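Participant: Listed below, chain by chain, are the residues.
There are 2 protein chains.
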Amino acid sequence: MSADLPPDEFRSAMHRVAEMVADYLEEVEEYPVFPAVAPGEVAASLPVSPPVEGEPIDRVLDDYKALIEPAMTHWNHPGFMAYIATTGSGPGILGESLAAALNANAMLWRTSPAATELEERVCDWLRQMLDLPAAFSGHINDTASMSTLLALAAARQRLYPETRRKGVAGGPVMTIYCSDQTHSSIEKSAIALGLGLDQVRKIESDGDLRLRPEKLAAAIEEDLAAGFHPMAVVACAGTTSTGSVDPIRAVVDICRRHCLWLHIDAAYAGGAAICAEYRALMEGLEEADSIVVNPHKWLFTPVDCSILFNRHPDLLREAFWVLPEYLKTDDGAVTNLMDLGVQLGKRFRSLKLWMVIRAFGVRGMQERIREHCRLAGWLAGEIESAPGFELAAPVPFAIVAFRARLDGASGEQEDEFNERLMARINAAGPVMLSHSKLHGRYVLRVVIGNLRTTEKHVRAVWRLIRQEAAALLAERKAV
Amino acid sequence: MSADLPPDEFRSAMHRVAEMVADYLEEVEEYPVFPAVAPGEVAASLPVSPPVEGEPIDRVLDDYKALIEPAMTHWNHPGFMAYIATTGSGPGILGESLAAALNANAMLWRTSPAATELEERVCDWLRQMLDLPAAFSGHINDTASMSTLLALAAARQRLYPETRRKGVAGGPVMTIYCSDQTHSSIEKSAIALGLGLDQVRKIESDGDLRLRPEKLAAAIEEDLAAGFHPMAVVACAGTTSTGSVDPIRAVVDICRRHCLWLHIDAAYAGGAAICAEYRALMEGLEEADSIVVNPHKWLFTPVDCSILFNRHPDLLREAFWVLPEYLKTDDGAVTNLMDLGVQLGKRFRSLKLWMVIRAFGVRGMQERIREHCRLAGWLAGEIESAPGFELAAPVPFAIVAFRARLDGASGEQEDEFNERLMARINAAGPVMLSHSKLHGRYVLRVVIGNLRTTEKHVRAVWRLIRQEAAALLAERKAV
Chain B
1 MSADLPPDEF RSAMHRVAEM VADYLEEVEE YPVFPAVAPG EVAASLPVSP PVEGEPIDRV
61 LDDYKALIEP AMTHWNHPGF MAYIATTGSG PGILGESLAA ALNANAMLWR TSPAATELEE
121 RVCDWLRQML DLPAAFSGHI NDTASMSTLL ALAAARQRLY PETRRKGVAG GPVMTIYCSD
181 QTHSSIEKSA IALGLGLDQV RKIESDGDLR LRPEKLAAAI EEDLAAGFHP MAVVACAGTT
241 STGSVDPIRA VVDICRRHCL WLHIDAAYAG GAAICAEYRA LMEGLEEADS IVVNPHKWLF
301 TPVDCSILFN RHPDLLREAF WVLPEYLKTD DGAVTNLMDL GVQLGKRFRS LKLWMVIRAF
361 GVRGMQERIR EHCRLAGWLA GEIESAPGFE LAAPVPFAIV AFRARLDGAS GEQEDEFNER
421 LMARINAAGP VMLSHSKLHG RYVLRVVIGN LRTTEKHVRA VWRLIRQEAA ALLAERKAV
Chain D
1 MSADLPPDEF RSAMHRVAEM VADYLEEVEE YPVFPAVAPG EVAASLPVSP PVEGEPIDRV
61 LDDYKALIEP AMTHWNHPGF MAYIATTGSG PGILGESLAA ALNANAMLWR TSPAATELEE
121 RVCDWLRQML DLPAAFSGHI NDTASMSTLL ALAAARQRLY PETRRKGVAG GPVMTIYCSD
181 QTHSSIEKSA IALGLGLDQV RKIESDGDLR LRPEKLAAAI EEDLAAGFHP MAVVACAGTT
241 STGSVDPIRA VVDICRRHCL WLHIDAAYAG GAAICAEYRA LMEGLEEADS IVVNPHKWLF
301 TPVDCSILFN RHPDLLREAF WVLPEYLKTD DGAVTNLMDL GVQLGKRFRS LKLWMVIRAF
361 GVRGMQERIR EHCRLAGWLA GEIESAPGFE LAAPVPFAIV AFRARLDGAS GEQEDEFNER
421 LMARINAAGP VMLSHSKLHG RYVLRVVIGN LRTTEKHVRA VWRLIRQEAA ALLAERKAV
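Residue numbers (this note's numbering), protein chains in the order written: chain B, 1 to 479; chain D, 1 to 479.
For the record, the hints were derived by calculation from the structure and aren't laboratory data. Treat the numbers as computed from the prediction; the structure is a model and nothing was measured. Where a beta carbon is used, it is the ideal one built from N, C-alpha and C, also for glycine. Warning: the hint list may mix true and false statements.
Said to hold, decoys possible - In the BS3-like style, the derived pairs of lysine-lysine whose C-alpha atoms are separated by at most 27 Å in a straight line are: (1) Lys-328/D x Lys-437/B; (2) Lys-166/B x Lys-202/D; (3) Lys-437/D x Lys-328/B; (4) Lys-166/D x Lys-202/B; (5) Lys-215/D x Lys-202/D; (6) Lys-202/D x Lys-202/B; (7) Lys-166/D x Lys-166/B; (8) Lys-202/D x Lys-328/B; (9) Lys-215/B x Lys-166/D; (10) Lys-437/D x Lys-215/D.
What the hints assert, rightly or not - If you want the footprint, here are the derived chain D segments under chain B, 3+ residues with CB under 8 Å: (11) 42 to 53; (12) 356 to 364.
One chain only, chain B, in its complex shape:
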């Protein structure tokens, strides 16, 4: 028995996969973005028990092509505009394939010198691209959820260093502040860290969906007076619903006044901040304690790859440093990436990002971001000037939130109309949108950010939106 696939068989299967991947990217538009499958249909196509005997790898690949690929939601489809911009770009896919073969666990410098040092270097490249001071050091996590959890764990460690040994029970009740537009990962972090949802203060945002500094300051004062211990503020540089940017500079001042940790969620729009004009929308970013930017969002890197930039990596080490005997090494003053967080195992994620940055270059990445924003701006302009539609929020980056208007209808009726409109659009096949609620009202979202999305696709989605709205309107009038 050959232990792994016989070398020749593997080599030819790898070439077949090369063809499958290249074909997929060229032909993905032939699929509907959302597959025509009902819940349970994929499961029903798979045997309930594992095969006793091994099967030829070509049969497995055939089944992938027949059963799995067509039942995917195609995030790499140019019509995928539902969720925050992601592209698994060519250079990124090449990087992931190589990383899988290396199969390294970069927990210690010793277990992966190149992965450790490339991660530090590539994070520093991105730091420079974001015009952040050298005081920030970056490391890669799987998701923004984990990057944010770690940032808040560092904040907890700073405020109450006894947490590490004693835990939170018996300690101060620590509070976190963010706007009502902030990502759900803040709440999940508060649960995980034992701080509790009740300690997350969701400050009402303003008309443009931005944190109101005066309300933030008031909430902190109120909590201080009530005996709480304010711990951190999470400000957004690009919210999930609309891309709105909180007034960072004003938030910085408040955080300084009260010694609060400032974590900035730039997971999405941090990508755009590699362009000076978008970085300018985030003035004060450089004053944060920590910032999360996800290259797997708008920097063309396959999922997962989230970078936490942190001014105080020693606080993470202080919180999480646990060194069992079998991981002790005598390599001297090296970075052991496992010391910076919860997970011991660590994939070689910097490889794909390195390949993306090198293949596209900083200028090339900027051009791609600008093109996405241009397309979003074009669509926003069309919506603004089209009768029967309105923008629901400003469009600082490439998320267009809008709604169809119904003359003389109640807000509720209008919401229902838009909900039905989205269902019709998504059922059509070539595009997938998502929704949100802003100021309590239902809105549709077009998120542009895939490298394969061109002006043609954005024009087509706008045609489809108008066409489906007109059809729905006609149905409504006919009733």
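Knowing the structure of chain B, use the given hints to seat chain D on it.
Facilitator: Same frame as chain B, but now just chain D:
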């Protein structure tokens, strides 16, 4: 400007990567396991700033081959016996390459029907392979650190449901029990969850490095009397240092008596438990509340892929369910994997595991595991009967912990000798070992578990060990 790599260029680069990966796996033995690089050397070979202009993808791949690959610690090398068995097998590498191209985020059923349902199916396949009751449902996390953190979060939720809203401050002081051989992830979880290191009771293990049930029971009684709230026991089915298995049945009884959550760390040896004779060493496993098994350890799946089997997934949902408007769907009673943990983003990790199980078959996987254990058993036998060496612990699976003996030397001198012995062995190139401390004494570890490791390699490492020990002994006598 083509937004992604031009299709033809990508296709040919993907074929080049296919060749590079196949070559790597065939030729990896030509590298030393640990590269001849000093800290900082890789970093020094990389430009301090990112390239402004994009570069040809072939140049990037050339640099990968010249700068990165040779500076890796080669986990896929047949002589990599340092850390817990991992192989990035051929089928797994093919799966990762396909997953990178799909680039799906399986947070919701809607965002990835096939990835959601394949994950459920493949976890259930493994459940059957492990002879666990259907009451366990599995889901995939990145690492055992996260699987364990989630298991302990569920335990926390069960003991103190107010945690979600109120947090731990003001709540009961909850305690966790494990042996002194348990993985560091328990401690990291206790820190992250706000429970605190002081609340982790490390129970002294017995001569064979297994949890002592009577000491566990006594510690719980003592804590109860002192007003603590015992929360969970983490038992090991295969410790990191030696693979020792705690007496699970006795631990189950204690947990039942006190209503404690029983989490079992089978991250490593859970792989072996697909063979009836190794599963038999874990009697009582089926009675746990949760179990972590890492296919990226001993089931030939590239890192990362850790499965948490859980009898109470609703407790995880209860703890972590947070649903922002933009993620609401009307798909009915579907599984949305994001509800089961902290992370929202979720790679399509089940694909590679599915491909491994199908390509090798259950029988094929069992044969591979048995061969690794046979090789470890052979080496253990050699060590046992060789003058000047001794086994430091029983060898239930494929971790061989041993030491060289020095007649008439102190424990300290012997420790130092073994430390130097390991450094010499690792410096030789074709093999990499690691160490641990057992009962306070330094031991070397040979971990067998790579598909490319054959009897030839194990014989070679045993030759090298004896040869280096003899050389060291001669030096010592010459002084």
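Participant: A separate judgement is required for each hint: does it hold in the structure or not?
Facilitator: Outcome of the hint check:
The straight-line distance between the Cα atoms of Lys-328/D and Lys-437/B is roughly 11 Å, inside the 27 Å bound, and the hint therefore holds. Distance restraint check for Lys-166/B and Lys-202/D: the Cα-Cα separation of roughly 15 Å lies within the 27 Å cut-off, and the hinted pair is therefore satisfied. Restraint check for Lys-437/D and Lys-328/B: satisfied, since their Cα atoms lie roughly 11 Å apart, inside the 27 Å limit. Proposed proximity of Lys-166/D and Lys-202/B is supported: the alpha carbons are some 15 Å apart, at most 27 Å.
Between Lys-215/D and Lys-202/D the CA atoms are separated by roughly 10 Å; this keeps the pair inside 27 Å, and the hint holds. Simply put, Lys-202/D and Lys-202/B have alpha-carbon atoms about 39 Å apart, too far for the 27 Å limit, and the pair is violated. Using a Cα cut-off of 27 Å, the hinted pair Lys-166/D and Lys-166/B holds, with the two alpha carbons roughly 18 Å apart. As the CA atoms of Lys-202/D and Lys-328/B are separated by approximately 20 Å, the hinted pair is consistent with the 27 Å bound.
Using a Cα cut-off of 27 Å, the hinted pair Lys-215/B and Lys-166/D holds, with the two alpha carbons roughly 23 Å apart. Only pairs whose Cα atoms come within 27 Å are accepted, and Lys-437/D paired with Lys-215/D is accepted, the gap being roughly 21 Å. With 9 residues bearing a CB less than 8 Å from a CB of chain B, the region 42 to 53 of chain D meets the requirement of three and the coverage assertion stands. Only residues whose beta carbon comes within less than 8 Å of a beta carbon in chain B count, and the region 356 to 364 of chain D has 8; three or more means the coverage holds.
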